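**Student:** Reconstruct the complex from the two isolated chains, following the hints.
Residue numbers (the numbering used here), protein chains in the order written: chain A, 2 to 94; chain B, 189 to 666.
A couple of the hints might just be wrong.
As the list claims (entries may be wrong) - Here's a subset of chain B near chain A, in silico, CB distances under 7 Å, partners left out: (1) Arg314; (2) Thr467; (3) Met499; (4) Arg533; (5) Gln535.
As the list claims (entries may be wrong) - A short list of chain A residues far from chain B (calculated; beta carbon distances all over 10 Å): (6) Arg4; (7) Ala5; (8) Glu20; (9) Glu22; (10) Arg60; (11) Asp64; (12) Pro66; (13) Thr68; (14) Ala69; (15) Asp85.
Said to hold, decoys possible - Computed spacing ranges between beta-carbons, pair by pair: (16) A/Leu61 with B/Ser524: 29 to 39 Å; (17) A/Arg60 with B/Lys444: 35 to 45 Å; (18) A/Asp8 with B/Gln532: 18 to 28 Å; (19) A/Thr65 with B/Gly234: 28 to 38 Å; (20) A/Thr70 with B/Ala434: 44 to 54 Å; (21) A/Gly47 with B/Ala478: 30 to 40 Å; (22) B/Gly234 with A/Arg67: 23 to 33 Å; (23) A/Gly47 with B/Lys437: 31 to 41 Å; (24) B/Gly424 with A/Thr65: 25 to 35 Å; (25) A/Asp3 with B/Ser573: 15 to 25 Å.
Just so you know, the hints here were simulated from the structure itself, not pulled from any lab data. These numbers were taken from a predicted model, which means no experiment stands behind them. Note that the Cβ used here is the ideal one computed from N, Cα and C, for glycine as well.
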Amino acid sequence: MDRAELDVTAELALLNLNETEQADLETAVGQLLEYFSAMDLVDVSGLEPTTHALSEGNRLRPDTPRTATGIEDEILEQAPDLEDRFIAIPNVL
Amino acid sequence: MAHTILSQWKSTLASSEYATTLTQRDQSLNSFLEIDPGRRASDAEGPLAGIPIGVKDNIAVRGFQLSCGSKILAGHVAPYDATIVSRLISAGAVPVGKTNLDEFGMGSSTEMSASGPTNNPWDLSRVAGGSSGGSAAAVAAGLVPLAIGTDTGGSVRQPAAFCGVYGLKPTYGTLSRYGLVAYASSLEVAGLITTDIDLLETAFWLGTGQDVMDQTSTEHPKSGSGEVSTVGILSGDLELDPPTEAAYKNFIETVKASGISVKEVELSTLDYSVPAYYTIATAEASANLARFNGVRYGQRPIFAENPDELMRQARAEGFGSEVKLRILLGTYVLRSGFQEQYYQRAQKIRTAIRNELAELFASVDLLVLPVFPTVAFTHGENGLSSFQQKLADRFTTLANLAALPALSIPAGVHEGLPVGIQAMAPAFAEDRLFSLARSMAESIPVERPPHFAASIADEISSAGNVAQGDSGTAGAES
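For reference, chain B alone in the conformation it holds in the complex (with noise of 0.2 Å):
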């Protein structure tokens, strides 16, 4: 990993002006719901010794809030560590704060949180995308170097696209959910997001191993060599739009110049992943939200005329609506009489997603494919709707379904915005996505918005003990 960009992060961590200009940073953003370095610092020796971290607020941080986006926890206080947090700190991690997200990770722009919508970096009128939407507009507007997420159909990876920022989704059980709220657990796991490939590879190896605390958590392996040298593409046309489409052809034109083979495949079981993923995971939210009912701790009403109008009463005034939604839906295909029809044909289709993809892993090493069908889209009626957004998780779904690895990598900024292309391996083959993603690097490297061209790191470093240079920072934008 590049020894500057530790050193640099270590000594602003050190320094006052880290959370004031943390702060100040992420007034246009609104990328963090909490913000203390010092809370947690520590002089923890280790890999990432002094590395600040963002943790989406669905995520317990021992002594920050655990909102997950909802107003049925404000002001809930997480007493323990996730264990991927615990394993970053006692690498020597830092956690700085508890970032922005839709409410319990349901949505893809950030814009269903209980506490505001997060903007883009790259363009304030735009989303950030989500649900680690927080986590990626913080790492990429340079307020942390690296941010945990959570992504259950695409909400690491698709707000790292949006962001112009890596988002690893890693293979499911091979980083721990021991600390995560659950929102659909055969789906979800823990993610990375960072502007750097060193880093983002020091910290999964860091996070991995089974835990104890987490009955799906696994071994991981470790077996690969990390050897690309067949990638498949999806055939037929994926109906992108102009930047994305644009992105996405220069992404294979480097491959291809870079000596890897491309060879054209057909996923029949495309079309199918956007049903299958919604009706297993509000199936399993409806579940898993049924714990929220505001007796044991979270909000409540006041007065209530029986114990089940409390919970009821709770429910309704603490969930917003996309979370209502997602309750209801998952409670009807659940529903004696519908199981059949919905939940169990989804499960099936779900092994033909899988077996699919098995196959298609037979014969290339790794499969290159969007991640999102636009740009990051802009606020409100003029983006789009919450039932577009849902179609639009076509591409990132699927690893979600067969439980792989995928990567967001930066692939170059069309149109004045980012484009990220995913790479997805079979499972434990996150070594491929590391090396696929380095030599991209070399001809389409990470940019930085226009407006947050430094890192706070950068700006703190440079400035050293002079006073604040104008490095066109937040302040230029707002």
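Chain A with its partners taken away, still in its complex shape (with noise of 0.2 Å):
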């Protein structure tokens, strides 16, 4: 992988890299897509891709109203700035 698609894939999966990261990281996904190539050597043909591990088709549970499980302010408090029961992020220009 070059360093354009380095950093197209990186933009996509945002993620700042630093120049050493950059360099590190163009090596590492380059050994292994190359690696990955070996899945080439493989008659696919007529297979259809597993897409789950084991499918037993849709299931649906019944469509019946629950009450909340009680931990919302729980979940809340794990959030670095709260304002009221608002999540808060830092100031932007």
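**Tutor:** Here it is in structure tokens:
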């Protein structure tokens, strides 16, 4: 993978990389992609992709109302910053 | 289950010395990230009453931290219990702390933890394996009799093998994933680690049962007889290091001596397990880890130019190098234009692997294969590189790709280090794994690391009310 491709991918992944990381990851990602190319040797014609671990079809629960679990406050407390019951982020320009 | 183990641990957990001894013993290991036996103490009755358990720090235990071994979740506290945790608690087990792991479960050494590596109780200069290295080391060193881990590509079985304990990766869907921090949802399962096969079986059945909170969970049919009459082994050179090779051969001879017939089989898809696994795992990881952006929870910078930049910086500062590598790789293989070449091809190879294993299980009850090609490697640069570690996942990733149950069974100590050998079964045939493990334990008993020859329960119960005896515990090493 060249640097331009790495930059596009990092952008899509919302990752800021410094120069050392760019160099290291360019090598490491490239090494793995090259290794992945071994998959090209497999004849996959006629094979359906496996998208779920154990496919039993879709399973739905009864559509009945339930009360909330009562841990909303504990969940909100995990936010770095709260204003009342709203999650706040730092002031932005 | 050996009743003495239960009663010993019950009185140990009740002892005021337990928390101190646990903390002291763990100093040379770093297997726990948080310890507090009193926090979730309970008098619940049940088959596991009074059994202390360690829980990998990517599994939610209410009131305990949930760091996933990552800086981005430093200080995060779980507001609820994972289903596997609450089921074991209902049976009387008591979570006493959170165990160390490679960040988000990504690694094979527990060296990728933001909280530092875990050391192997057999040799502190070596890794405990990973990613559930803390859970395996804690059990091997006798800190807890049972620990929960997660296994996405071998993360329960490989550290169990490195530490000389049992490590079960059950059939996908049999233990609920509710409360596990998602890494690769179609591959990962909760798993169990212990030195006692009866305790393993008891805990596993207590944990099973469909869970309304996990759409992929399923009822276990519990239909098998557990009978094992034919075992398959892989033909050809498996390229194992000498201690692993010796243990593997001895294991197979022991299987034969127990009256089980052994049949050599071919697995032509073996060479593709690792590339298919890493393609699928990283693709799923890139999606699952998108949620960590420092906005609703977790660590984030105190200032940013705009919300986008806030998220980028939170991720740049919060994630370690291996996590960044896997997110990037996963994002790449899912990119428009590359999907067919990598992700879709890997999913088709996954089908080929499942088909081939299904064919094999038509003629054998179990497949016996190594867990890892080497024994526990040394810390740092003299060990295995990150790339070499990935290549070595060839035997473990099969069970995840095919959703099958597999158990790492202690297979003796060679050159001072334990070796684990893996048995893999068809879906829902965990009983065959337990049956083989029991029969092997008669000839190859589970051994304890010399520096941790007595568990904390042995130590506290033998000392009774007398002063703590010298039973060759952690102090000897550090």
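**Student:** Each hint needs a verdict: does it hold in this structure or not?
**Tutor:** Evaluated hints:
no.: 1; hint: Arg314; verdict: violated (24 Å)
no.: 2; hint: Thr467; verdict: holds (6 Å)
no.: 3; hint: Met499; verdict: holds (6 Å)
no.: 4; hint: Arg533; verdict: holds (5 Å)
no.: 5; hint: Gln535; verdict: holds (3 Å)
no.: 6; hint: Arg4; verdict: holds (13 Å)
no.: 7; hint: Ala5; verdict: holds (13 Å)
no.: 8; hint: Glu20; verdict: holds (13 Å)
no.: 9; hint: Glu22; verdict: violated (7 Å)
no.: 10; hint: Arg60; verdict: violated (6 Å)
no.: 11; hint: Asp64; verdict: holds (13 Å)
no.: 12; hint: Pro66; verdict: holds (14 Å)
no.: 13; hint: Thr68; verdict: holds (15 Å)
no.: 14; hint: Ala69; verdict: holds (12 Å)
no.: 15; hint: Asp85; verdict: holds (15 Å)
no.: 16; hint: A/Leu61 with B/Ser524: 29 to 39 Å; verdict: holds (32 Å)
no.: 17; hint: A/Arg60 with B/Lys444: 35 to 45 Å; verdict: holds (43 Å)
no.: 18; hint: A/Asp8 with B/Gln532: 18 to 28 Å; verdict: holds (25 Å)
no.: 19; hint: A/Thr65 with B/Gly234: 28 to 38 Å; verdict: holds (29 Å)
no.: 20; hint: A/Thr70 with B/Ala434: 44 to 54 Å; verdict: holds (53 Å)
no.: 21; hint: A/Gly47 with B/Ala478: 30 to 40 Å; verdict: holds (34 Å)
no.: 22; hint: B/Gly234 with A/Arg67: 23 to 33 Å; verdict: holds (27 Å)
no.: 23; hint: A/Gly47 with B/Lys437: 31 to 41 Å; verdict: holds (38 Å)
no.: 24; hint: B/Gly424 with A/Thr65: 25 to 35 Å; verdict: violated (56 Å)
no.: 25; hint: A/Asp3 with B/Ser573: 15 to 25 Å; verdict: holds (23 Å)
The structure is inconsistent with the numbered hints 1, 9, 10 and 24, although it conforms to all the rest.
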